[in-house]
Amino acid sequence: MSNNGENQGSVSKLTLKVQRYNPDRDKAPYMQEFTLPFRKGMTVLDGLLYIRENIDSSLAFRASCRMGICGACAMLINNLPRLACHTPVEEIGEFTLEIKPLPNFAIVKDLVPDTSSMFEKHASVKPYLMRDDQEEMEHPTAEFVQSPDELESYLQFAYCIKCGACVAACPTSATGKLYLGPQALTQAYRYCGDSRDNKSGERISAVDPYYGVWGCHFAGACSQVCPKGVDPALAIQLLRRKVFAQSLGGKERTPSPVAAPPTGSKEKIPVPEFTVTQDDRS
Amino acid sequence: MKAQSSERRYLENYLGIKGWVWGGRYRLERYLYTLHRISGLALLFYFLLHIAMNGFRLSSGESWTSLMDIFDTPIVKFGEYLVLAGFTFHALNGLRLILQELGYTLGRPKPPVYPYVDALERRRPIVFVMGGVIIILLVVFIFNFI
Numbered sequence: 001m002s003n004n005g006e007n008q009g010s011v012s013k014l015t016l017k018v019q020r021y022n023p024d025r026d027k028a029p030y031m032q033e034f035t036l037p038f039r040k041g042m043t044v045l046d047g048l049l050y051i052r053e054n055i056d057s058s059l060a061f062r063a064s065c066r067m068g069i070c071g072a073c074a075m076l077i078n079n080l081p082r083l084a085c086h087t088p089v090e091e092i093g094e095f096t097l098e099i100k101p102l103p104n105f106a107i108v109k110d111l112v113p114d115t116s117s118m119f120e121k122h123a124s125v126k127p128y129l130m131r132d133d134q135e136e137m138e139h140p141t142a143e144f145v146q147s148p149d150e151l152e153s154y155l156q157f158a159y160c161i162k163c164g165a166c167v168a169a170c171p172t173s174a175t176g177k178l179y180l181g182p183q184a185l186t187q188a189y190r191y192c193g194d195s196r197d198n199k200s201g202e203r204i205s206a207v208d209p210y211y212g213v214w215g216c217h218f219a220g221a222c223s224q225v226c227p228k229g230v231d232p233a234l235a236i237q238l239l240r241r242k243v244f245a246q247s248l249g250g251k252e253r254t255p256s257p258v259a260a261p262p263t264g265s266k267e268k269i270p271v272p273e274f275t276v277t278q279d280d281r282s
Numbered sequence: 001m002k003a004q005s006s007e008r009r010y011l012e013n014y015l016g017i018k019g020w021v022w023g024g025r026y027r028l029e030r031y032l033y034t035l036h037r038i039s040g041l042a043l044l045f046y047f048l049l050h051i052a053m054n055g056f057r058l059s060s061g062e063s064w065t066s067l068m069d070i071f072d073t074p075i076v077k078f079g080e081y082l083v084l085a086g087f088t089f090h091a092l093n094g095l096r097l098i099l100q101e102l103g104y105t106l107g108r109p110k111p112p113v114y115p116y117v118d119a120l121e122r123r124r125p126i127v128f129v130m131g132g133v134i135i136i137l138l139v140v141f142i143f144n145f146i
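Line order of the protein sequences matches chains B and E.
Numbering-wise, my numbering puts 52 at position 52 of the first sequence, and it's gapless, one number per residue.
Numbering-wise, my numbering puts 44 at position 44 of the second sequence, and it's gapless, one number per residue.
Every clue listed holds true.
The calculated BS3-like cross-link candidates involving lysine-lysine, where the alpha carbons are at most 25 Å apart (straight line), are:
no.: 1; chain 1: B; residue 1: Lys162; chain 2: E; residue 2: Lys110
no.: 2; chain 1: B; residue 1: Lys17; chain 2: B; residue 2: Lys27
no.: 3; chain 1: B; residue 1: Lys40; chain 2: B; residue 2: Lys17
no.: 4; chain 1: B; residue 1: Lys199; chain 2: B; residue 2: Lys251
no.: 5; chain 1: B; residue 1: Lys27; chain 2: E; residue 2: Lys18
no.: 6; chain 1: E; residue 1: Lys110; chain 2: B; residue 2: Lys228
no.: 7; chain 1: B; residue 1: Lys13; chain 2: B; residue 2: Lys40
no.: 8; chain 1: E; residue 1: Lys18; chain 2: B; residue 2: Lys177
no.: 9; chain 1: B; residue 1: Lys228; chain 2: B; residue 2: Lys162
no.: 10; chain 1: E; residue 1: Lys18; chain 2: B; residue 2: Lys17
no.: 11; chain 1: B; residue 1: Lys162; chain 2: B; residue 2: Lys199
no.: 12; chain 1: B; residue 1: Lys177; chain 2: B; residue 2: Lys126
no.: 13; chain 1: B; residue 1: Lys228; chain 2: B; residue 2: Lys40
no.: 14; chain 1: B; residue 1: Lys126; chain 2: E; residue 2: Lys110
Which residues of chain E face chain B? A few of them, derived with a C-beta cut under 10 Å, are:
no.: 15; residue: Gly19
no.: 16; residue: Gln100
no.: 17; residue: Pro115
Please keep in mind that the hints were generated in silico from the structure rather than gathered at the bench.
Computed from a prediction, not measured in an experiment: that's the story for all the values here.
C-beta atoms are modelled at their ideal positions from N, C-alpha and C, and glycine is treated no differently.
Just need the whole structure built from these sequences, with the hints factored in.
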C-alpha cells in the first residue's frame, strides 16, 4: 500500500486535490488542494463534507444517503468513477486523492455533473412493463406469476441506482453524445428480459439504431465501476442477442399470467408460544 | 436531447478520443479494447501502404525490384513482423468479441453478492487462452522472419 512514504497507522493528514469550476466566475476548471485530518474508516465523502463544513463552504458536490443507495455522489476519484460515500480512503491506499466530476457529463459546478442527458436516455428506452392486457395493467386484480428462475434472469440489472458511473467509464460515451449509454441499455434489457413483459419489440426499436445497442464495443469498463454489481456489459450483450434474434424473425413471448385468486383454504401458521400476544400486554 | 448545456452555461466534459486511449485505472479488457482499435487502425494504414507500394508494379518491373531492394532491411522485416502480430491479435480478439457480443460464453446473470464479480471477470480464462494462442503463434512466426 503506497501512502506517500508514511505507514498507514501514522498518517494523520489527508490531501484532496479537488477540481473547482464556477460557471459565473471561471473560464476553465482548475485544481485546488485541501489538507484535512485523516481518521480511520473515513470515506471520500467524509473528506468533502469536512472541507465544506470547516475549510470552504462554497465547494459544490451532490450527496444524500451516505450509504450507496441514492447514487448522487458518483465522481472521478483517482481516475476511476466511484461513489464517494462508498469509497473508504484506506481502500484506495493513497492519502493524496484527485477528485474530479464524472466525465462524459456537463459540469454544473465543481463536482456536480449534469446527469439529465442520462435520465432522458433512460426514459427513451421505455423502462416499465408493457403488456397487451391493458385493462389488467390499469386495474390489477392480482400479481403476475413469476418463477425464481425468471426473476433471476433480470434481477441483477434491476439494482441500478442511476449514479452515472458506467456512463463516465464508457469509451463510446466519451465521443458519442447520442449513444444511449450503458445505463439506459441495461434498463432496456432489464424489461426485455422480464417474463411479465411482452412488448420488447417497442423497446428494441428504441435501442436498434446505430447510437443504440450496436455502439457498444465491449470494453467492460462499465461493469468494473458499477458500485452495485449490475454488470451493464453483460446486459448490453444479452440485449444485442435479443435484437439479433428479433431481426431473424423471433417472436414476442407469452407474458406471465395473472396469479389465480386465493382459495382461502390455506391453513394459518400457528402463533409460536413465545410470541407476546395482545392479552399479555393488557 | 435538449441543448441544456449551452442555455445554462454548463461546461462540456466529454473525454473525446482521449477517452478511447486513456483508460484510467481499468482492467485488462478495457486495454484490449484500446489495443483492438490501435491494431485495427494500424492494419488499415498497412493495407493502404500495401496497395500504394504494389502500384509500383504498374510502372515497370525495375522500379518494383529497386523498391524491394530498399525494403530488404532488418527494420522493415521487423515492421512486417509487427503487422503480422497486429493481424493475429486483431483476428483472435475479434473472434472473441463476435462470440461475446452476441451473448455467447458470458453465462447467465447472477445476483450481485459483494464482492461483485461480473461476467467478463468470470470468463477471464477465455482471454488468457486467447493470449496463450497469440504468443504461441507469434513465436512460430518468428522462424518465418529469420
